[in-house]
Structures are given as structure tokens and as C-alpha cells.
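Chains as they are written, first to last, in the working numbering: chain A, 1 to 543; chain B, 1 to 135.
Derived by calculation from the structure, the hints in this document are not laboratory data.
Treat each hint with caution, since some may be false.
Stated by the list, open to error - Only pairs whose alpha carbons sit at most 27 Å apart, straight line, appear in this in silico DSSO-like list of lysine-lysine:
#1 K130/B with K148/A
#2 K130/B with K202/A
#3 K172/A with K528/A
#4 K67/B with K298/A
#5 K202/A with K139/A
#6 K413/A with K159/A
#7 K172/A with K67/B
#8 K528/A with K202/A
#9 K276/A with K159/A
#10 K298/A with K276/A
#11 K130/B with K139/A
As the list claims (entries may be wrong) - Stretch-level coverage of chain B by chain A, calculated; a stretch enters the list once three of its residues show a Cβ under 8 Å from a Cβ in chain A:
#12 12-24
#13 28-38
#14 76-88
#15 97-108
#16 115-124
#17 128-134
Ideal Cβ positions, reconstructed from N, Cα and C, are used throughout, including at glycine.
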Amino acid sequence: MIIKPEGLTGNIRREADLVIIGSGAGGGPIAKEMAEAGYSVVVLEEGGYFTREDFDFRPGQALTRLYRDASQGVVLGLPVIVVPQGKTVGGTTTINSGTCLRVPRHVLKRWHLECGLRDITEDEMNLLYSAVEEYLFVKRADPEVVGKNNLTFLRAAEKLGYSGGFLPRNAKDCEGYGVCAYGCPSGAKQSVNVSYIPDAVKAGADVYTHCRAEHIVVRSGRATGVRGHFLDPRNGRKTYRMEVEAPVVVLAGGAIQTPSLLMHNRICLSSGRVGKNLSIHPCGAAMALMDEPLDNPKGIPQSTYVDEFAADGIMLEGVNLPPAVTAITLPWGGRRHAETMSRYPYLGYFGSMISEHDSSGKVVAGPSARQPLTFYNMGRGDLERVKRSVLLMAEIWFAAGARRVYTPIDGFKELSGARDVSRLARTHLKRASVYGLTAYHPMGTCSMGADPYHSVVKSSGETWEVENLFICDASVLPTSLGVNPQLTIMSLALRTAGFIDDRLNEGSIEKQSASRMDRLRSRLRREKETRAQRADNLEVGLL
Amino acid sequence: MRDYFIRRLRRLTPIFIEPVDGLPPADPDDVVEFSREFLQAGTPAFRIIFYAMMFVLQALCFATRGKSLFSLPPDEADEFIQSLYSHRISALSAIPTILGTPIYMAHYNRDDMQAPLGFDILALREDAAKRGVER
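The following block holds chain A by itself, in its conformation from the complex (with noise of 0.2 Å):
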């Protein structure tokens, strides 16, 4: 069940076979496989619950509620980035655009060369990610719902002879209702919250929810459970206390959280690599005035995209706004920006997302385990690449017939044709000049590897210091991916929790793959018929 702590009356203490800590992309599928497996599963989750019903389309309280620190969170350096996460069931599956893209080859080809990840094959993966994927619907974009703002930018970028489509993601008869990022308020999105986490409390997982962990329980120098708070929803303060013993510990609290908390209970740290290798998607964009109204924010708002230089690290995907998120968008106030919001209907949005060549970043503890400081320094190239995302998006623009063209480069906030585009190109980009900057998708902060001195986890998952303590978010992944990473963290989730059927089973982690590729395969196979069942009986029911 979800336990809220408004109905808690004092400190709770539990066994459990496995304690997860996070409910997002890797917590969620590994509760929903563990609980079902006949395990008890336990989840601590620092947000709280929502459902579609509490999803109300309005952005300012979807921040405040849904998204960690409302999206005031951070990383340092020059340009300073704004990395908007999510804090609630489902993590930042919930409030994501629900993009479901695969790992391009060329980067699994890097694992296997650079970081010696040979197990995690070709093969096995496509496995994963074909059962990720019927799992939670996932089909490209209906182009009858996907809106006027993303078909005029395609239909231009075709015309203009660059690649594109539609975006695959996991959403069931999606109506565009283009507040993806609020919460779905018709739950057509399969995001944690209404597909992994549902399912897993029916196995008979518990979810403690406003509950956040502290301390992670080493034994010999093996885990065995976790210590942490309940916080009053309504002001963030500690309530009671929370304890769970467990042979198996899984951290799952996403790429900057999940280190934080490593550093701040001193483990895992022999191989120096905690918390380094930060990797992001910084993201461009290029909001346009258009003729004709867009119709905004109907249709669905990530999904098309242009992958013509995908090669070159610039991926363009799709965006769209409600009016107060394009209000604090603006790179001007006052007057011009009333006039501009007055014609909010005509304006049409478009992103981009880079993946980084010659950026670092990193994590370091903070005043808190809740409060880590993150620095990120933006390479030259990948500043270039930034703005020739922009100079593409703005050419789509104005192809697609947009008056002017607004950018968040100072000097260049609004183009009025292709003598300003050219006169961006042309100019040698400061750090310090990209307004507003955000970026999507923090990786790499554990990095997985095959061997423990330049790695945190295994290929497993299990972190090569500590026994029984596994780690299953974004941080894991060793490289920037280019893609939104949801359905790798996903697929990578199942095949930790078969370790950990491993792992509590038969006392070690089973190295033999190709045995656990057909366990993993049946148990596929036995899911799908399951499935089949069911859509049967209910095609009876409904006959």
C-alpha cells in the first residue's frame, strides 16, 4: 500500500527482504519485479503521492509540489544551469514529456570499449527494453494529437531536407493535453506513478512516501538497512522516525541525490569516482512569432523531432508551453513582455538537446545530504554546439514562416530574418552569454564499471564496496546517452532486480548470463501471456 504520513501516529520500524530508496525510473520497475517475484519490498520516497485526479494543468502548482526545490535547483559555473528533477512518486517519470528512446549503439559500443561493460550486450538489452516498452505502451506520437506547433516545425524541417519524425514514447491514448511536465491529468502517460508503482503495491510493495532517507545501515561491510525521517508535507520538517532492516539495499534517488547521499554516509567512496563524471543534456531553445495561432499548448509537447545532426551531439525535439511557463521564459519584463504574452497564441516553441563532448561536472557534498552542490563546466564545443542548435531552429522558424525568432543568447533575443541568423553565426559565443540555460537528464555520478577503481558500481549494479548495496538511477550510466534516458535507467532496473533475485536467492550474484538471459526470457514470455490473458478476457468482457 502507499502510506501517507498524515496517518502515521509514531516511529516506524520494518523488515523487508529489499528497502528501495527512490520510486522513479530505476526504484519503480525493480519494486514491481521484486514484489511480484513473492518478495517483501519496501519504498522510500522523499515526495508525495498524486494522482490524475490532483493534476490540475496548472504549472505554478505542479513546481511547487512535483519538482525538487520547485526547479530552483541548480548546477554551478558559467552559464548557470537550471536541472529541473522531480520529487514525488514516479520521480521525474511523472513530470517528464515521456520520450522512450533507446541507447544509440554507438554509445553501448563506448560501454563495452571504454568501460568494459561487455556483459551488458546488444542482445540482452533489446530484450530489456522490448518488454520496457509493451509494458507501458510505448509507440511513436499520433500525428492527428501531437499539435500544430510540432507539425509546423517538422513539416518545415522536411522542407528544408533535414530528418525527423515522431517521437516514440509511453503514453495510452494520449488526447495532447501538452502539460506532460504537470502531471498527467488524464493518466495516459505511463509514468512510474500510474504503471510500476500501481502494480508493485498490488505484488504488495509499501510505499512510505514523504519519507526520506539518511543513513544506510554497513554491517561487515555489507548493507543491511536504512534510517530516515518522515517530513511534514506541509513545511519539509522531520517527523517520525522511520527503520528498515533489510539484507538488500537499492538506491535509486537519481543522479544527484544518490551520491550526496553516499558521501554524506562515507561509503563507496575508496574509488574516488563518487559524485564525478556528471554528465547533462543542455538544453537550447528558439521560440518563434508565427502568423497564425499554434493553438498552444494543445498537442503533445515533446513529440517530433529532428535528428539531421544527431551525429554532431544536436538533437532537436519538441516543446511547448503553457502561458506561465513561456512568462518566466521571456528574456524581457515590463511592457515588451506583456506584448509579447498578448500574443501568446501566435507563438511556437521548439528545443534542442545536446549531448556534451568537452563539459565536466560533478557533485559534491553539501551542507546536507539534501542539499549537495553540483559544478558543471561548459566546454567550448559543446557552447558552439548550442548555439548552432539555435541558428537551426531559428532557419526552421523562419522557413516555416515565423516573423521573429526569440533566443535566450544576449545580443541576439530576437531575430527578425536570415541577416540576424547569419550575424549569429558569425559570433564568437561568451559562457556567460546563453540567458536562462536548462538542462535534462543529470547522469554518471556512480558510474558503472568493470573494475573497482574507476568505477562505483559493477556491471550488476551492486557497488563494488559495499555487499548487498545496489545502485539503479541515471547515475549508473556510464556516458552521456544523447537520449532521454528513461527507458536505459528502465531496462537496466530489470536486469539489477534479476541480481537481486540472484542475490537473495542463492546467497551470490549468479555470473552465468546466458542462464539468466533464459530465466530472463521466460519470465518475459510468462509477463506477455499474462498480458494477453488478460486483454482477452477484457475484449470477452466487453463483447
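Please arrange chain B on chain A, whose structure you already have, making use of the hints.
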């Protein structure tokens, strides 16, 4: 939020939010209420910076215009805010950006503000309630 900052925020609201024909006027109470919630849910660092920016904004106005921001005529106040937004030094252009974040978010988050812009939340909520998707 202390009374002092509430008063300041109330007076800043009409400087940031200019009236537009056909759209409701700014509601300083609503802005204060949302800002309180937004700052409480956010990081201590942002809170400190936000309050500090109120002083810095006023100090800059005194330094460059010789007057308090609140005693400037509307046109001049608007020009001052614009000049900060487009300032080459990013630390200065960050001042109105940070102060404007909860102000604009609060204003454009209102149902009666979004509906005339084509985002009718009440109608959409009604529609979404009928269309609940089951797995």
C-alpha cells in the same frame, strides 16, 4: 516572508506586469501568496538571493537614476527594468530574471489569465476527468 518583503513585492508587481487590453490586471495579493509558496518549496540559496536582489535592484536604481524605483514614473521604471534585462553583465541581467520568476509565474498561472490566451483550464479539467485512461 517578512512584512517588509511583502510590501516590496506588492510594489514591484505593477512594475513587472504591465496591463494589457482584454487581460485581467495584476493581483499583488496573488503574487505575494504564490511567491511565499514558491520560495518555501525552493532552496535556501534561492530565497537568500531573491531577497538580496530586492535590495540590489533598489540600490542600482538609486545609483543610476538617483531615485527609488517606486518613485520613478512608469515609463522610466519600465525602461530601467528593460535595461537590466538586456545588460551585458549576466549578474545584472539575472536580477530582474530572478525577481520576475515568481511574479510572472503567479500572474500567468491564474485561470482567468490563461483562459483568454487559449488555455482554458476549467474546460480542460472537465474533459480530462471524463477521459481517464486505465491501464
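Structure-based check of all given hints:
Our distance criterion of 27 Å between C-alpha atoms is met by K130/B and K148/A, whose separation comes to about 24 Å. Simply put, K130/B and K202/A have alpha-carbon atoms about 25 Å apart, close enough for the 27 Å limit, and the pair holds. Of the pairs offered as hints, the one joining K172/A and K528/A holds, with about 17 Å between alpha carbons and a cut-off of 27 Å not exceeded. Under the criterion of a C-alpha separation no larger than 27 Å, the hint pairing K67/B with K298/A is inconsistent with the structure, at around 45 Å.
Restraint check: the Cα-Cα separation between K202/A and K139/A comes to about 26 Å, which is no more than 27 Å; the hinted pair holds. Taking the CA atoms of K413/A and K159/A, the gap is near 25 Å; set against the 27 Å cutoff, the hint holds. Taking the CA atoms of K172/A and K67/B, the gap is near 58 Å; set against the 27 Å cutoff, the hint is violated. Note on K528/A and K202/A: the hinted pairing holds, with a Cα-Cα distance of about 18 Å set against a maximum of 27 Å.
Between K276/A and K159/A the alpha-carbon distance is near 43 Å, which puts this suggested pair outside the 27 Å criterion. Under the criterion of a C-alpha separation no larger than 27 Å, the hint pairing K298/A with K276/A is inconsistent with the structure, at around 40 Å. For a cut-off of 27 Å, the pair hint linking K130/B to K139/A stands: about 23 Å separates their Cα positions. Evaluation of the coverage hint for the stretch 12-24 of chain B: fulfilled, as 9 residues show C-beta separations to chain A shorter than 8 Å, against a requirement of three.
Coverage of a stretch by a chain is defined here by at least three residues with a beta carbon nearer than 8 Å to that chain's beta carbons; for the stretch 28-38 of chain B and chain A the count is 3, and the condition holds. Beta-carbon proximity to chain A at under 8 Å applies to 7 residues in the stretch 76-88 of chain B; the threshold of 3 is reached and the given coverage holds. Using a Cβ-Cβ cut-off of 8 Å, 8 residues of the stretch 97-108 of chain B lie near chain A, which meets the minimum of three, so the contact claim holds. A count of 5 residues in the stretch 115-124 of chain B with a Cβ less than 8 Å from any Cβ of chain A is obtained; the coverage claim is therefore met, three being the minimum.
Restraint check on the stretch 128-134 of chain B versus chain A: 6 residues with Cβ-Cβ distances below 8 Å, three needed, restraint holds.
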